[in-house]
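A.B. asks: Residues per chain, in single letters:
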Amino acid sequence: MTKRTIVPIGPYHALQEEPEFFKLHVEGETVVHLDIELGYNHRGIEKLSESKTFEETVFLVERICGICSTSHPLACVQAVEDAGGIAVPERALFIRSTVGELERIHSHLLWLGLAGHFVGFNTLWMWAWRFREEVLNILELITGNRNHYGMMKPGGVRRDIRDGDIPAILDLLARLRDPLAMFRDAVLEDPLVHARTRGVGVLTRERAMAYGALGPTARASGYDIDVRRDHPHAAYGLVEWDVVTRPNGDVFDKAVVRILEMFESLRIIEQCVRQLKTVRGPVDSNPPCIPPGEGIGQYEAPRGEVFHYVRSDGGNRPVRHKVRAPSYMNVPTNRETVVGSTIADATLILAAVDPCYCCTERMAVALASPGGERLWGAGELIRMSQEKTWRLMEETGWRGPAPPEF
Amino acid sequence: MNAPEALGTGTLDRIRGALGDHLLACSRKSAQRVYIDIPPDYLGEASALMFDEIGARLQIVTGVDTAAGIEVLYHWALDREGCVVTFRTVVDRAEPVLDSIAGVCPAAEWIEREIWELLGVDFRGHPDLRHLLLDDHWPQGDYPLRRGKEGAP
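Listed in order, the protein sequences are those of chains A and B. Going by our numbering, 335 is the number at position 335 of the first sequence; the sequence numbering is gapless. Going by our numbering, 79 is the number at position 79 of the second sequence; the sequence numbering is gapless.
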């Protein structure tokens, strides 16, 4: 009988902000069970929010995640608006979707780069992050910041987009199309990426629904949900775009969904920015107070639906504020997808739900032999994954795509 | 654009009809938001109705400590109809117990652990009721989200 050992991954990683602890139960090279522990970064934000005014709360939830730093505020202000029956000027809706979609592109590029790095495809990593900078430049132009934009408030947005900036924004967007097409081809047409990700870490549609999976994790399993379409908010009902789904539920399809979604994001942003030329007026309805009641806000963050619930007693602070990030629903799906895989693929599968990946700082391999304890760092884990790709390179003779020209 | 249908009275009527006498109150806050009050002992059946028959998606569960008891809100998204139906049930603060719905819907497993440790609601029949966010050695009976707990300054 094969000896069962536990391979702990995490909880701390020097480079990532969200610690999480995966205990891989393995027999030989094969993962047979996964136990997930979290709470290493619990900050009590729901409780803290009860001590903030409705306007301050938006800044607080902006700090929940550095990458989704406009998704949480947007869901939060929509919850407050739902509770208070507050109207939002149309111009503000277009600005909300513009910032939200820019965030989606930069988040997906960040993930794509990391995924490329994990499979030993470092060129993809470098290029993805290089063009992510272009997206951050647009965000800085619009909001004044590369991250933590401080744009959302109950009743509208805090800053208008100036007419003078619109040509520069459209120009920067236009220059993103070719690089995104390059990423699409680099992933769709690369035989090594296929070999490493096809049929790996499959999440079926039925299990995705049972776990309440969200965002690209759900859509890559053929589970066609997207709150931007299903529960219209911001400007998503006012522009033309499509929801991207794929049927297979493996790591490859999760990557494809994210890549194709970036093109939809470009479509949405371009339409929104053009609308700003004609949709004039205020960007804030300045709600005077929040009446007693409760409200729910949903926003499709890059990783899936962000959910906020607020309850007001008529004062200026929420008496309860519930926050649910998409990874809360997506990370448990790893229990389905990682079982049966090898350790070399586990890193990739755990990263495929884009969990604000955090956890490979070191892993301790407790060998059954007497005194046989070894520590493996993040470097070794990534090396194991990369070596598998290099092995495949030797076997197939494929050296990756030709470098792009710009 | 393929805009979702508004919540047809069809689906809402189906939910109302299936709940029967167990429906304590139903308020339609807007076209997209419905709140339904149910007794705690009917939670399992109501959840099975939403998940298995209506095909709703469990978004999350919210626990709120109020003067009347601990409110537990089950938010179900009807994605095809663009609507969120929230089931509200109130349990006694002195002995808060609910049936776990993790067996019906695995999506509830983590949030039940969270409400158990933060608000002290016991979920009967949960497959793995242990700490999720708090330390394993967190003092028993100390629930951070209960009323009267010191908040942040």
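It should be emphasised that the hints constitute simulated quantities derived from the structure, not laboratory data. What you are looking at is a predicted structure, and each value in this text was computed from that prediction instead of being measured. We put the CB at the ideal spot given by N, CA and C, even for glycine. Treat the hints with caution; some may be incorrect.
Stated by the list, open to error - Examples of chain A residues toward chain B, derived with CB under 8 Å:
no. : residue
1   : Gly44
2   : Leu192
3   : Ala195
4   : Arg198
5   : Gly199
6   : Val202
7   : Arg205
8   : Tyr211
9   : Phe263
10  : Leu266
11  : Arg267
12  : Phe307
13  : Tyr328
14  : Pro332
What the hints assert, rightly or not - Okay, the calculated beta carbon distance ranges per label pair:
no. : chain 1 : residue 1 : chain 2 : residue 2 : range
15  : A       : Leu170    : B       : His131    : 20 to 26 Å
16  : B       : His22     : A       : Thr53     : 34 to 40 Å
17  : B       : Thr66     : A       : His148    : 42 to 48 Å
18  : B       : Asp142    : A       : Asp242    : 30 to 36 Å
19  : B       : Thr66     : A       : Asp171    : 33 to 39 Å
A.B. asks: Can you give the numbers of the hints that this structure goes against, from lowest to highest?
C.D. replies: 2, 3, 4, 5, 6, 7, 9, 10, 11, 15, 17, 18 and 19
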